[in-house]
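Residue numbers (our numbering), protein chains in the order written: chain A, 1 to 311; chain B, 312 to 989; chain C, 990 to 1514; chain D, 1515 to 1825.
Check before you lean on any hint, since a few could be wrong.
[To be verified] Computed cross-link-like contacts, DSSO-like style, restricted to lysine-lysine with a CA-CA straight-line distance of at most 30 Å: (1) C/Lys-1122 to C/Lys-1085; (2) A/Lys-255 to C/Lys-1383; (3) C/Lys-1297 to A/Lys-255; (4) C/Lys-1068 to C/Lys-1122; (5) C/Lys-1189 to D/Lys-1736; (6) A/Lys-255 to C/Lys-1344; (7) A/Lys-255 to C/Lys-1068; (8) C/Lys-1352 to C/Lys-1332; (9) B/Lys-461 to D/Lys-1736; (10) A/Lys-255 to C/Lys-1355; (11) C/Lys-1356 to A/Lys-255; (12) C/Lys-1352 to A/Lys-255; (13) B/Lys-319 to B/Lys-513; (14) A/Lys-255 to C/Lys-1332; (15) A/Lys-255 to C/Lys-1085; (16) C/Lys-1133 to C/Lys-1098; (17) D/Lys-1675 to B/Lys-436.
The set of hints was computed from the structure by calculation and includes no laboratory data.
Each chain is listed here by its residues.
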Amino acid sequence: MKHSAAAAKTSGRLRRIRQAGLDKAPCGAQHRTSGTKLRFGSADVLTGLAGIAVSFLVLCALVPGWIAPYSPTEMNTAAILQAPSVLHPLGTDYFGRDVFSLIVYGTRDSLLIGICSVLVGVLIGGTLGTLAGYAGGKLDTVLMRLMDVLLTVPGILLALTIAAALGPGLRNIVLAIAISSVPGYARVMRGQILAIRRRGYVFASRAIGARPSSILIRHVLPNSAAPLLVMATLGLGSSILAGAGLSFLGLGVLKEIPDWGALLSQGRGYLTVAWWICTFPGLAITLFVLSINLIGDRWRDAVDPKRKGKV
Amino acid sequence: MKTGLEVKELTIDVHTPRGTLTAVSEISFDIAPGETVCLVGESGSGKTIASKAIMRLTDYENGRIAGGHIRLGGQSIESLPDHLVRGLRGRRIAMIFQEPMAAFDPVFTIGSQIVETMRAHRREKKSVLQQEGVELLRRVGIPEPELRMKQYPGELSGGMLQRAMIAMALSGGPELLIADEPTTALDVTVQAQILELLDELKESLGMSILLITHDLGVAAQMADRIVVLYAGRVAEQGPAAEVLTAPRHPYTSGLLNSALTQDIRRGERLRAIEGSPPGLADMPGGCRFHPRCAYASDRCRESVPPLSDQGSGRLAACWHADEAAAGAAAASFAAAVQPEVSRPLLQAALPVAAINGKASPILLEAQNLKKHYPIGGGWGRRKRVIHAVDGVSLSIAEGETFGLVGESGSGKSTLGRLLLQLESQTEGRVLYGGEELSPQGSRRWRETRRDLQIIHQDPYGTVDPRWNIGEIIAEPLGVHTKLTAAERRGRVGELLEQVGLQSSWQDRYPHEFSGGQRQRIGIARAIAVNPRFILADEAVSALDVSVQAQIVNLLQDLQRQLGLTSLFIAHGLQVVRHISNRIGVMYLGKLVEVAPSEELFRRPAHPYTRALLSSIPGSPQAGNETFTAKGEIPSPMNPPAGCRFHTRCPIATDLCRRAEPAFVSVGSGHTAACHYPL
Amino acid sequence: GPAPGGSTAKAASGTAGSAASTPVQGGELTYALATSPDTLDPRRSGLAVSVRVFGALYDTLLIRNADGSLGPSLATEWKASEGGLSYTLKLRDDVKFQDGTPFNAEAVKYNFDSIIDPETKAANALALLHPYKSSEVIDEHTIKLNLETPSQAFLGNLSQGMLSLVSPTAAQKDGENYGKNPVGTGPFKFVSWSENAEIKLAKNPDYAWGSAESPNTGAAYLDALTFKIVPEEATRIGGVQSGQVLAAETVPPQNVVALQNDPNAQLLQTNTIGFPYTLFFNLEHEPWNELKARQAVQYAVDLDSIVKTLYLGTYERAWSSVTPGILGYDESLEGQIKPDTAKANALLDELGWVKGADGIRVKDGKKLTLHYVDGSPNREKRNDIAAMIREQLKAIGIETEVEITQDIATVVYQNWDYDLYGNSQVNSDPHGLASFYHSTEEEGRRTLSGLSDPQVDEWLDQGAIEPDEAKRAELYKKVQQYISDQALILPVYVFPYTVAAGRSVQGLAFDPFGYPIFNDVYLQK
Amino acid sequence: MLQAIASRLASSLLVIVGSLALVFCIFYLLPGDPVLSMVDPTSVSPEVIENLREQLGLNRPFHERLLTYFGDMLTGDFGRSLVGSEPVLPKILHQVPATLLLTAASSLIAIVVGVALGVPSAVRKGGLIDFAARIVGLFGISMPTFWSGILLILIFSVQLKWLPAMGSDGWATLVMPALALGFVGAGSIVRMVRGSMLEVLGEPFVTTLRAKGLRERLVQYKHVLRNALIPAVTLIGMQIGDMLAGTVIIETVFSRQGVGRILADAIMAKDLPVVQGVVFFTAIVYVGINLLVDLSYAAIDPRIRRRGAGQ
Ligand SMILES: Nc1ncnc2c1ncn2[C@@H]1O[C@H](COP(=O)(O)OP(=O)(O)OP(=O)(O)O)[C@@H](O)[C@H]1O
Ligand SMILES: Nc1ncnc2c1ncn2[C@@H]1O[C@H](COP(=O)(O)OP(=O)(O)OP(=O)(O)O)[C@@H](O)[C@H]1O
Ligand SMILES: [Mg+2]
Ligand SMILES: [Mg+2]
């Protein structure tokens, strides 16, 4: 109410995106498939599969040794560039490492890149967005202009300079990806806060004399968080991809056990002679992103109180 | 040739994530050419879905016609191929909807949407159709139709849009017009205009009308015949007059009893139907009404009563139709005689202070309150101001219930918020117990919050969906008391029982409750810290009649028990009359009349009050030209000079256009701001 | 005959020009480079890739023959003064720059003086020209170059592309912008450079001063020569395979194998001379200042297997601190060191490093770690070498921290923060060893190895001025043996410059530095 | 209206100046020395390096450099590249068209594919098309561009010889890079359009349109899509921004000219003037995209048009 008309416009816009962008299907959503027709993508079956996939990946991340048939660092120079076979289900790479084992062991760092960078990004972006949305006024303007500035500076530049400034390393890659994702989260959070602030229950809470801080913590934040969290599930995949992109530009980290992005980027030169080296890590990313998105969609439906209420 | 519409044993299934549910079961009714049939029933009873099925619009909404027939002029619709159905829609059957604001595509002009409808069914030059469109708009009473054709839906008022939609519906020259709650979203004065228009069009065009409504008053005014739906089944149907006066189904009589009419005396307990309508997923077996029915027997629980002939064109689905009919007659007899007998008793039950407001001390007082909302501005646009509340003075005595009525946008809610200082005024002041109420955010503000509570209009939007109801009700306790968790739980349990819910429901979430139950939760929350004053802003407007009656009863009981003072805001005049000691009428940010409740209804002094009263469907003045307000409420951005009502007033003079009338006393405790009080 | 001209080009498959045919005039050669030149002003360039273009645009005073000897180019005769403090050069009198400016002693003087002028911001050229002091124009086509100190490498450096001669007129006129409007005396003249896309050159029809060793001393056969800048390996090779470019440089080993069987492409390969890709121990860091520790690494690392695995047999293993083809290369070092894990373990045991529970050796509570720094991107699979070495060192209980950084300049040359770092250099003279192994006095400056041994300094100083070739060679052999005995380095591979070309490309040869010679190229119809 | 334009310009200018200042600070704080990456440090003496620093003005204090920079910029002088010493402005201007063209082409592909898949996917929610579109969309957002780019080259250049593998002249060279880049954007846009369409399909006015007897196609494309595009436009704008950033990788893979590559090279070389030139460009494009987004709002939505223009 105290923000400018322009701010209201943007926030409204963002809210619309948020709502629509997350595939919200209204109750009584339209579709013409009648009961007899085969229903593809039946939400629950797919989500179930996705759940299995993610559980498997988490298992890979936690106890890769149980799953991988070989050590990921074992370089069998007698068996380099071998096509998939019974011995090496996904083939071997140019060091003679078993690609399947590499992928299994690489899960941990890949997930770590995804999860940590999203966590940091959400934390910073969410906080800034909350501040801007809740405080409004000058602070809002300043913060949002700052976010604009961050958006304007190409993410790759941020990533490259952060990596250059802090030195390479998983932590800094994570930080680089996180920082370039901050403006997005901040904007969504701000829009969300602005919207939730106007909700009836916030008004109602204010009317009984609850403190603003308690309203923020107990009402506004919990109700604003869902879209941010759903956005974060999408961010998981794109962070891993961003990591792969940095790896491609030569900013990766040479770890004993490369993450999927690094595998993909390092193996790309062998696409013509040994396609399996970078294709399977690519599929691993796809599988992860796909599953997380499916679960995210479903979860969004689940946390959306409006949809919970309906038949 | 024309046989009208025939619906026979229509059953509609809907696919939901929880499986296929039956929304409408074996409903049958006919509409003869030129006839108006009203489909009445509470929310969720299947009115909309049944009407959509007639046009096969259910196809798009997970719906499926699972059985029965729909015939229009002898032609079966339920099995027609898609392209033929499309030819039917808009041409032989047209439909208008509840919310005209939402029923137009916001990004196309009114004109293009009307022309588009015509072009869907015939080939004709655009300019010709354009001209026809203008004529249609003129026909439904839209001023400057050429201009309106070029405007976007967002630029027209609701009443205007509803007219435009009617025009659009007429463009195909339909045999049957389905109107799904066409006036619920509109102001009372506009509702009256629209209903009148529909009636007039039906006469002149010879259409049939299927009018869907939950308002028995509307049905009484419009219908030739009435079909009462309950939980997806027809409960009763027959000629309007008979159904309304001698119902043969307990549900119908329950509905009639719940509805507030002028026959019911103020302060009297309403005979509400207990419980709430069942959800689709948990339909009771046998007669679906039996859990709420006073006549329910084992038979009702076990087998479904068929829709049986009750003579003189009436059908009812009840095993105990005769008893019900007898009971209804007795009840209405009681209602007719009761007032004289019980009035003194009732008044004795009220706190003494509430009766003669003058004597008791004033609890809350507004002095020349103004609230101006700046809008626009910045970005190079001219700054403008909405005069939401524009100089209102009033006082509410301890123990009194003050009712506030007025059309949408007249500033009732804003005034309420100002009185509680939930917003700061532009001008004027608010006194609470003689002291100026501390503005929001100040140190003392929190203390006054305990005394002043609100019951909100939207019982769903004003509770945090993530909190269970225990937490919701306990929130004010957490803010204002130092109770332990266990004590709080205990208190919440008490409160739940006090509002007619079970104390064990604390751990449930809002979405698990029906609308009426949610409003009870809101009330429990409001009374949790023993307030002195309660603002009820449209606290019952969103509820079904049967439930509304329960809540009104509850509110009255609580007020009496707790000795509450309250401000009761509503646009439903009957409700306000029923519950309030005094009533204030607002128009465009100003209070135009204040009077004791009965006095206001008996002897309205301001032409606007008169217009409001005459727009109540079924009221003696209804449809009386001389008392209806013309046109629509002007924009609060630039309210008319002089008397604000002069643009719509049937008796306005030059004086009214020039000078703002002052409040004059027209009776004891009765004041009005009019140059020519009636 | 085989690849014509005095190049060391060995055609890996279907030698270019094996079907001895007469050159065809005309056509355009498109040549994909892996990286972009920084500038086309040789005085200011710091990149080898620029030199590939300089070869077409410019000439040098001298050239390096295939056998390693110096030959005439723009200078026809050269003579050192007594004491080696100056050189007198006779210049060709029939040469004109592409802008018409005559090539003469003044032009040479201008070039060299401008290199030592700080205003020019010369970089690598300045180092190559060291210890040049001044020029004296004896006559129109005779010049005397004065040095601060005698230098045996000086003359050889005059054959290096970064000391190509630019047109004084153009250089003065364009100033800072000269690098985008280069004018030389070479067989091709500059047409346009659209950054990150291509550099277009056109035939210089007046060219008639090609080196006598070259089959074509006259104007180029090609009408035009276009360099495309294609950083991505797969795209570069794909370009040749799809016929979009006629030649592409630096073919990755895995594609070499594939291209050898491609009927539409040929593969040209030549080993470069200078200093092979070498991993330098940082002698200032513990424990690598100890010989036994370095030897342990030397024994633990199986470079043979690394080179074979990663380069699939397309790269030669390096054995010494210089490559074959450099004066004084010590062949006796070849095959000397064989991997021996037992020995390596024994050496570390001797030093008191004991294996801990995690298999990593510990001494005085400190883990035995090796900080291995390498540049990014993964040029010539050098990062992969690091990965393999890390695995092999793990076997003897050394933990290798591999740092891959884009900012080698800071990590290595500013902070000297490495235990092992790899570098290679194209060079023509063994004197370059001094920049890796000679002790330094100046503050803030040191060599990659950080070696400071008066004996080595003496050999290197001697080598710099020793006029007798045989004696020089002996001196540098001593240095090489010392380096090997002291296990100062791990020499890894000799870099072969590889080019994939369409079948129609004929006569493409390379100079000993591995730079392509375009004047002899023609396109077979 | 004029005032609106002026205030908008002012805030855009602020953002641009902010971005440039940010980049300046980042570079100032960055360790390392551009000069060291310009020369071969093994053979070049420290005096030479010191001299280069002096010549390039790298020894001057921070505020002096910042002031000079902005001062020069006011006169249209963006400085000279540290590496090639050519003036920055022409250097970048020369690359701008290629990058803009690529961004525009990929945006077009992303939008067309996004809409073409998103609409039927929403209309037949739960059907085969929906399933396929969602999977395609998810693949789009889970595949690194360099990988799909190389794959395209191998298929269409090397195997089929249909399209050139590299370069930036002619339409043929645009096809594959635009596809690789556009596919990613399409992935998000499909999701967005689908969600947004579902939202709009649930609006009451859609029922009115059907009740009028309009053809389904007309309902979906003329009415629903247009309304659905309103929230989608912001996302599309953001996607265009992302695609602009994505050119860094794609331009490298396809060896295209462009600002992205210049940026990557300049960052590696710590060539601050060039980096700033590029950021200036990206900031302008970003501001331009925002403007375009707002214009398309007005074009799609009369409510905004009237509000913006009238009064
Ligand atoms: N597309 C649908 N999918 C699932 N359930 C539906 C759908 N349409 C209607 N229903 C359910 O069918 C029942 C009847 O709905 P309908 O809209 O016809 O009621 P109504 O009588 O018009 O109520 P109201 O007065 O609130 O408009 C409700 O319980 C509703 O939730
Ligand atoms: N926060 C606000 N900002 C701007 N305008 C407002 C605000 N709140 C209310 N208004 C405007 O003030 C006028 C009065 O609004 P208010 O909500 O008080 O009316 P009301 O009588 O309660 O109407 P309704 O019956 O629709 O609830 C309306 O024109 C409304 O648009
Ligand atoms: Mg309805
Ligand atoms: Mg209100």
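Here's how the hints hold up against the structure:
no.: 1; hint: C/Lys-1122 to C/Lys-1085; verdict: holds, 26 Å
no.: 2; hint: A/Lys-255 to C/Lys-1383; verdict: holds, 14 Å
no.: 3; hint: C/Lys-1297 to A/Lys-255; verdict: holds, 22 Å
no.: 4; hint: C/Lys-1068 to C/Lys-1122; verdict: holds, 17 Å
no.: 5; hint: C/Lys-1189 to D/Lys-1736; verdict: violated, 51 Å
no.: 6; hint: A/Lys-255 to C/Lys-1344; verdict: holds, 23 Å
no.: 7; hint: A/Lys-255 to C/Lys-1068; verdict: violated, 55 Å
no.: 8; hint: C/Lys-1352 to C/Lys-1332; verdict: holds, 19 Å
no.: 9; hint: B/Lys-461 to D/Lys-1736; verdict: holds, 18 Å
no.: 10; hint: A/Lys-255 to C/Lys-1355; verdict: holds, 22 Å
no.: 11; hint: C/Lys-1356 to A/Lys-255; verdict: holds, 19 Å
no.: 12; hint: C/Lys-1352 to A/Lys-255; verdict: holds, 25 Å
no.: 13; hint: B/Lys-319 to B/Lys-513; verdict: holds, 24 Å
no.: 14; hint: A/Lys-255 to C/Lys-1332; verdict: holds, 28 Å
no.: 15; hint: A/Lys-255 to C/Lys-1085; verdict: violated, 55 Å
no.: 16; hint: C/Lys-1133 to C/Lys-1098; verdict: holds, 9 Å
no.: 17; hint: D/Lys-1675 to B/Lys-436; verdict: violated, 53 Å
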